[in-house]
Amino acid sequence: MTTTRTRNRWAILAVAVAAQAATSSLVYGLPFLLPAIRSAEDLSLAQAGSVTVAPVLGVLVALIAWGAAADRFGERVVMAIGMTGTGAAAVGASFAPGVGALVVLLVVAGVFSASISAASGRAVLGWFGPAERGLAMGIRQTCQPIGVGVAALALPPVAQHADYRVALLVPAALCLGCAVLVGAVLVDPPRKPAKSVEATRSPYRTARLWPS
0 MTTTRTRNRW AILAVAVAAQ AATSSLVYGL PFLLPAIRSA EDLSLAQAGS VTVAPVLGVL
60 VALIAWGAAA DRFGERVVMA IGMTGTGAAA VGASFAPGVG ALVVLLVVAG VFSASISAAS
120 GRAVLGWFGP AERGLAMGIR QTCQPIGVGV AALALPPVAQ HADYRVALLV PAALCLGCAV
180 LVGAVLVDPP RKPAKSVEAT RSPYRTARLW PS
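Here the sequence shown stands for residues 0 to 211, where the numbers follow numbering that gives the first Met the number 0.
Errors might be hidden in some of the hints.
[Claimed, not checked] Okay, the calculated beta carbon distance ranges per label pair:
#1 Gln159 <-> Ser43: 45 to 55 Å
#2 Asp70 <-> Ala172: 27 to 37 Å
#3 Ala100 <-> Trp9: 33 to 43 Å
#4 Ile138 <-> Leu59: 17 to 27 Å
#5 Ala161 <-> Ala100: 35 to 45 Å
#6 His160 <-> Glu40: 36 to 46 Å
#7 Ala130 <-> Ile63: 39 to 49 Å
#8 Ala161 <-> Asp41: 16 to 26 Å
#9 Glu40 <-> Glu131: 46 to 56 Å
#10 Ala10 <-> Ala95: 27 to 37 Å
#11 Ile138 <-> Leu42: 18 to 28 Å
Worth flagging that the hints you see were computed from the coordinates, not collected in a lab. Every residue gets a Cβ at the ideal spot worked out from N, C-alpha and C, and that includes glycine.
Please model the entire structure based on the sequences and the hints provided.
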């Protein structure tokens, strides 16, 4: 493996971690805004909880579709679209005219963010050989706690000094910034052509199996 390829694959891993951390700061970081959402929108605890879980619902319904899209179109395109869509939906949520629109836009953000879960792992596995995949995937899996940690440190202070809607612009900016990184750095891993598999005759039809 060449030095250039080695350097590039570590850069791709770094972008994959950053992208997943950015989406995690929104999808799993919203509970840190729950007190601010309750206060601003005059919601019960259950109602505010429904708002904060909205992106997770979007992730749930879209993961399989994004995985199929990554198979067909490649990881770079899927991740770039997903990061851009997540950031744009988060910006829209910060300007939503009411709670209903806020929930819808957060679900949409979750739908787009699911693309990163589906495609980033595939990109990492494609660029790292069997001897390093455990290390690479272990590094990649740090993305969620990193994203949640960023949300815990950044979102409550912004919500306290401004508004929870302003705080939503923090993960939005992270996602849009990572969309640029994905477009600039990420390269789809090489794919081996599918091997044709000949139909194998059933062993139960061979004469040796049955006594004459």
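Now for the hints, and whether the structure bears them out:
1. Gln159 <-> Ser43: 45 to 55 Å: violated, 21 Å
2. Asp70 <-> Ala172: 27 to 37 Å: About 30 Å separates the Cβ atoms of Asp70 and Ala172, which means 27 to 37 Å holds.
3. Ala100 <-> Trp9: 33 to 43 Å: Once the Cβ atoms are compared, 41 Å apart, the range 33 to 43 Å for Trp9 and Ala100 holds.
4. Ile138 <-> Leu59: 17 to 27 Å: Given range 17 to 27 Å: holds, Cβ gap about 25 Å.
5. Ala161 <-> Ala100: 35 to 45 Å: violated, 20 Å
6. His160 <-> Glu40: 36 to 46 Å: With a Cβ separation near 18 Å, His160 and Glu40 fall outside 36 to 46 Å, so the hint is violated.
7. Ala130 <-> Ile63: 39 to 49 Å: violated, 30 Å
8. Ala161 <-> Asp41: 16 to 26 Å: Since Ala161 and Asp41 have Cβ atoms about 19 Å apart, the given range 16 to 26 Å holds.
9. Glu40 <-> Glu131: 46 to 56 Å: Holds: the Cβ-Cβ distance is about 47 Å, inside 46 to 56 Å.
10. Ala10 <-> Ala95: 27 to 37 Å: holds, 36 Å
11. Ile138 <-> Leu42: 18 to 28 Å: violated, 38 Å
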